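Given the coordinates of chain A, work out where chain B should sit on it, guided by the hints.
2 protein chains.
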Amino acid sequence: MKIEEIDLFYVALPAITRTADGTQDSLVVRIRTDNGLVGWGECDASPLVSMTAYVMPMSHSNIINISEALIGETLDSPEDVVRLRTKAGEYGLDVQQLDHAVAGADIAMWDALGKHLGEPVWKLLGQSDSYKKLPYASVLFGDDPAETKVIAESIIEREFRAAKFGWGPMGRGSLDDDVALVQAARDGLGSGAKLMVDAGVIWGDDVDAAYERAEKFAEIGVVWLEEPLRTEEVGAYRALSDRVRENDIDIGIAGGEGADFYRSADDMMTNAGLDFVQIDVGRIGGITEAKRVADRARELGIQYVNHTFKSHLSVAASIHVFAGFEEFDLIEYPAGNSPLVLGLTEPTGVFRDPDGLVRASDASGLGVQVNLDAIRKYQRMVKIEIDGEVLFESREP
Amino acid sequence: MKIEEIDLFYVALPAITRTADGTQDSLVVRIRTDNGLVGWGECDASPLVSMTAYVMPMSHSNIINISEALIGETLDSPEDVVRLRTKAGEYGLDVQQLDHAVAGADIAMWDALGKHLGEPVWKLLGQSDSYKKLPYASVLFGDDPAETKVIAESIIEREFRAAKFGWGPMGRGSLDDDVALVQAARDGLGSGAKLMVDAGVIWGDDVDAAYERAEKFAEIGVVWLEEPLRTEEVGAYRALSDRVRENDIDIGIAGGEGADFYRSADDMMTNAGLDFVQIDVGRIGGITEAKRVADRARELGIQYVNHTFKSHLSVAASIHVFAGFEEFDLIEYPAGNSPLVLGLTEPTGVFRDPDGLVRASDASGLGVQVNLDAIRKYQRMVKIEIDGEVLFESREP
Chain A
2 MKIEEIDLFY VALPAITRTA DGTQDSLVVR IRTDNGLVGW GECDASPLVS
52 MTAYVMPMSH SNIINISEAL IGETLDSPED VVRLRTKAGE YGLDVQQLDH
102 AVAGADIAMW DALGKHLGEP VWKLLGQSDS YKKLPYASVL FGDDPAETKV
152 IAESIIEREF RAAKFGWGPM GRGSLDDDVA LVQAARDGLG SGAKLMVDAG
202 VIWGDDVDAA YERAEKFAEI GVVWLEEPLR TEEVGAYRAL SDRVRENDID
252 IGIAGGEGAD FYRSADDMMT NAGLDFVQID VGRIGGITEA KRVADRAREL
302 GIQYVNHTFK SHLSVAASIH VFAGFEEFDL IEYPAGNSPL VLGLTEPTGV
352 FRDPDGLVRA SDASGLGVQV NLDAIRKYQR MVKIEIDGEV LFESREP
Chain B
2 MKIEEIDLFY VALPAITRTA DGTQDSLVVR IRTDNGLVGW GECDASPLVS
52 MTAYVMPMSH SNIINISEAL IGETLDSPED VVRLRTKAGE YGLDVQQLDH
102 AVAGADIAMW DALGKHLGEP VWKLLGQSDS YKKLPYASVL FGDDPAETKV
152 IAESIIEREF RAAKFGWGPM GRGSLDDDVA LVQAARDGLG SGAKLMVDAG
202 VIWGDDVDAA YERAEKFAEI GVVWLEEPLR TEEVGAYRAL SDRVRENDID
252 IGIAGGEGAD FYRSADDMMT NAGLDFVQID VGRIGGITEA KRVADRAREL
302 GIQYVNHTFK SHLSVAASIH VFAGFEEFDL IEYPAGNSPL VLGLTEPTGV
352 FRDPDGLVRA SDASGLGVQV NLDAIRKYQR MVKIEIDGEV LFESREP
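For the protein sequence lines, the chains are A and B, in the order given. The first sequence begins at 2 in the working numbering and counts up by one. The second sequence begins at 2 in the working numbering and counts up by one.
Just chain A, with the same shape it has in the complex (with noise of 0.2 Å):
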């Protein structure tokens, strides 16, 4: 079949907050084919910035949109959307963009192809089994302790066997406060679910900072504490693994999701001494580079934990990135209240099983649907015009 135009959603709540919560707004992307087909995609990253990556004018040989790269191509199989992916690199080399960008056709494609021949997505990328992973709620902090302790609650009351606690106040007061924080999040949780932490990058390359705070979180039994510095920090990161090994301090560290590209992600898990590396579909060029990723990791020992903060078409699409690994048995699962979270694939969605515990659909594609109503809710009507002639403008799904 034959990809025959590109459709380019941008979905956002009415009001959105100053907080570091990425489900107040998406870019949802709808390759359609030749034969009727559609495949649906979804990227991280600001939708407006993004947009432009598909409809640009030229600026020479290695700036031209996605759109051109891909539009009239014939999609076929499994490596077709690996020479498209690689194509629209090319076509767009010079722009930073490119991956946010280009995440959502990746992933589109891959939808679409399933669909076409009947397989799901974790079986065109070459594995053999789709295995349960446990889905951690993945929430913000609460204001205070107290808060933090009422989200956790929730939590539990939501049948969650894990959760992740992130950004809010954390790293913004004392040692002392990051601690009472965190105990908040276990006091709610209780002693049976796993927890994790995310500092959102806030002690920069301060390791000694990071280091205290890894030594008291594990005593509050901590899997991981999250991107305790700044991606680029790589030489941070190792210092503070190194540390923390060498003190039998038993914490993971983890980050990875400020990786805008596959060599971004190598380099932390060569350099950064990284236990977990988190990789979002959405921001990494899509589901042909994260799996790059994941069957890396692998190689290296490190766990590949999808890097997920947006709806379930995204949550579709990290699981199937690494459904057939079994040894990396976490997801992150947004848990958040936003509408777009469950809202723009209902009523299909990546839900858990009696026990708790979910995995990547065998039905074709990516096993989600793109709610039309809900596109058409939420969208926001972008009109771009040059020199008075009109680049691109937004249409009704």
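Just so you know, these hints were derived from the structure itself, not from any lab. One or more of the hints may lead you astray.
One copy or any two copies: either way a pair holds, since identical chains are not told apart in the list.
What the hints assert, rightly or not - Calculated lysine to any residue pairs in the SDA-like style (CA-CA distance at most 20 Å, straight line):
1) K88 with R19
2) K3 with E386
3) K133 with D388
4) K384 with P58
5) K3 with P170
6) K150 with D178
It should be emphasised that the depicted structure is a prediction, and the values quoted were computed from it without experimental measurement.
Here is chain B on its own, set in the frame of chain A:
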């Protein structure tokens, strides 16, 4: 003083050709302050994609646009520029295009600050001298050896003492074809001029193909082989560099223009075995970040070279970064015939002295002025609406 306004000018030639010529369009950034000063900067990036990073709606606390980070802020010292560059990076943490886009504002802040304090930018960066550099004419290969030779001869007629040829047919034919191209460049230049070759990432991860060329080009007296491999193939780069050294092949390996942020350049320097690191100030996030790379290159004993394929506004921004490093004695100097190369800053520019050398100006700021008539002549007027409301509209300069 305070930053009062940021103006974005998308300029382009009437027709853009599909060659690797980055001088066909540009995004020019002007910062205006409350005491009536202006600073100018330029991005080496897709103009439209980068513009949106200045005006995009907020997605969450890590996707906030550059204008919001900078407008209203105090700009009185070099520390302020670094603080504001950092702030823009934090506001745009999850915007991949951030570095390409903020480069223009960073350069414009240094320019405005220099004018405010009556100092050249190189001095504000803590450098005590502005050394002369040998400019190499940076051009594309002709379509065949004969055309390449004519281009080389014209470079000598224009009294350049060094030239770099790149892209075009390089690597698209056989080894012999490539050698013939380089030999033609050498024949046209004569034996006295320095010659560099830019392969434009053509051999991907194929170390053997790159090594064969390195060996042959060394015999033709090529100073460096640039970007033989894709930026992300750091392991392949290392294998190539090691092999070139082990076999005493007299050619340097150069790369780095694809480094969009500091760590990416550091990764290339630390792990790819480069002899020359080539940094584009208009991509890596401006003068602030490029200077960090220059400092690190000195530590590692690697030669820092600018990558510049834009106007003399970018040439000026580039040379201030490493003006004070006597050992970094080469500067890339766009020598194609696009009217944007010299026209954008006409009649100012970074011009050669009677010895054919250039140096960073001692005038305040960058030492070049932007020609508003050139902006008017080449400006493309962009209008972006969301839900019928104007988010951004280009203004006359």
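inquiry  = Hint compliance check: list the failing hint numbers for this structure, sorted ascending.
reply    = 2, 3 and 5
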